[in-house]
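**Q** Here's the letter readout for the chains.
Protein chains: 2
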Amino acid sequence: MDTARRAYRRESEETRRADLVAATQGLVAEGGAEAATVRAIAARAGVTAGLIRHYFQTKDELIRAAYRSLMDDMTAKASAALAGAGALPEERLAAFVAASLRPPVLDIGAVVLWAGYMHKVRSDADLLAVHEAAYLSYRDVLQGLIATLPRTADAAQLRSEAIACNAVIDGLWLEGSILSHSFDKGEIVTIGLRSVGAILGVNLLAHCSMLLDTGKTTA
Amino acid sequence: MDTARRAYRRESEETRRADLVAATQGLVAEGGAEAATVRAIAARAGVTAGLIRHYFQTKDELIRAAYRSLMDDMTAKASAALAGAGALPEERLAAFVAASLRPPVLDIGAVVLWAGYMHKVRSDADLLAVHEAAYLSYRDVLQGLIATLPRTADAAQLRSEAIACNAVIDGLWLEGSILSHSFDKGEIVTIGLRSVGAILGVNLLAHCSMLLDTGKTTA
DNA sequence: GCAGCAATTCTGCAATCGTATAATTGGAGC
DNA sequence: GCTCCAATTATACGATTGCAGAATTGCTGC
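Residue numbers (our numbering), protein chains in the order written: chain A, 208 to 426; chain B, 208 to 426.
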């Protein structure tokens, strides 16, 4: 037998798509978008390149699916922190902010993965829509938490505040992930809570000292 | 004459390098990193592809030069706004923040170029150093402006505040660039000034209404 | 266990990539 | 205006890319 074909198992469409998406994300996270070639993706997913076209009409379609998956997962992970939080509005907001600024959301791999898609987001209208939807989805959760605070605020003010809080979280997420070595443990979370609190005029740190993990008990 | 060679002019090394860097940035800004092929870069710079290797040993070296140039330019453009500002600390800080949140600093091309190199920043120690230096350089300018405000603040507080203000500017810069269509004109600048003011406990909007350009006179 | 279908592999192709190097030519110095 | 060197063009090469279609094979229903 000179021609020994590679043995394989049939998998459900759902499984295969998930595998291919995961492989794509792993490659982009490690080596940027240029590392995610169809052959590399297939190899990491344990299949051959031709199969990709069986599940995705084009490579761009796979990339889009992978990006959508990443964005959804990040919002989901931050939102999951709400389940363990109490009923107090300040406490819930603080839990959400803190969860967004620590692993697994705060992660250089996630940043690189996210950044690796940026150039596609620019040129691909569909991807831009995915990005916008994910951004607004996260911001809506944030705005919902802000709205429950014991204050009076009209719609326009709520929108402004949500944009601002989202921005400070984004910025801290970025630099905290990239330059993690130059920040003390818990510093990013503390600054995030203090900044969001300052923007909204509430004290998040007071209600939520249990969310901090400074690693050292500085005076 | 069957072989008509293309006519050309000799230029200084300085000019050619600048042209190639500018061509690279333009292409990445328009079409993402994948659009910046050596042939496309050369064509835009008005030369042939071979010349690139005459000035840069490898394409990566050119891209790195373009990245370094981008980072330096962004800080420089924001800092340039200080020259036209008055002597009042609030006014100067506001001018700096506002300049960081509007074109040419607020630019999707800059975001894409910046993002396109995240994965290299992760693995390449030199590039990480470039990023960190640029980040700290910008933050230092910001912290210097914050320190001149008429308040009392110790070193640790100044550091925290600079990180927070930098983060909110970063986040607004990102989303404002990517989703520029979903924000009103001047909205990003206004939110930036209000947020930075809230974090620092000063009113930047009061002193600096001339920095805003809302495009419409809403009541 | 046998048929048949679809999941998967395999092979190939045209295009494009970055790089290397030989062939030219513009322009400065004399 | 001639010389000569470096700036620039031109050409070529091997590798890789996304994509397509034919060939195979694992699995499901009987």
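What the hints contain is simulated information worked out from the structure, not anything from laboratory work.
Some hints could be false.
When chains are identical, the list treats them as one kind, so a pair holds in a single copy or across two.
[Claimed, not checked] The list that follows gives simulated cross-link-like pairs (lysine-lysine, DSSO-like), each with its CA atoms no further than 30 Å apart:
#1 Lys266 to Lys392
#2 Lys327 to Lys392
#3 Lys284 to Lys327
#4 Lys284 to Lys392
#5 Lys266 to Lys327
**Q** Compare the structure with each hint and give your call.
**A** Structure-based check of each hint:
In this assembly of identical chains, Lys266 and Lys392 lie within 30 Å of each other by CA distance neither inside one copy nor across copies; the values are 38 Å within and 36 Å between. For the identical chains of this complex, Lys327 and Lys392 are inter-copy neighbours only, at 25 Å across copies versus 34 Å inside a copy, given an alpha-carbon limit of 30 Å. In this assembly of identical chains, the alpha carbons of Lys284 and Lys327 lie at most 30 Å apart whether taken from the same copy (24 Å) or from different copies (26 Å). In this assembly of identical chains, Lys284 and Lys392 lie within 30 Å of each other by CA distance solely inside one copy; the values are 20 Å within and 33 Å between copies.
With identical chains, the CA atoms of Lys266 and Lys327 are at most 30 Å apart both within one copy (12 Å) and between copies (21 Å).
In the structure shown, a violation is registered for the earlier hint numbered 1 alone.
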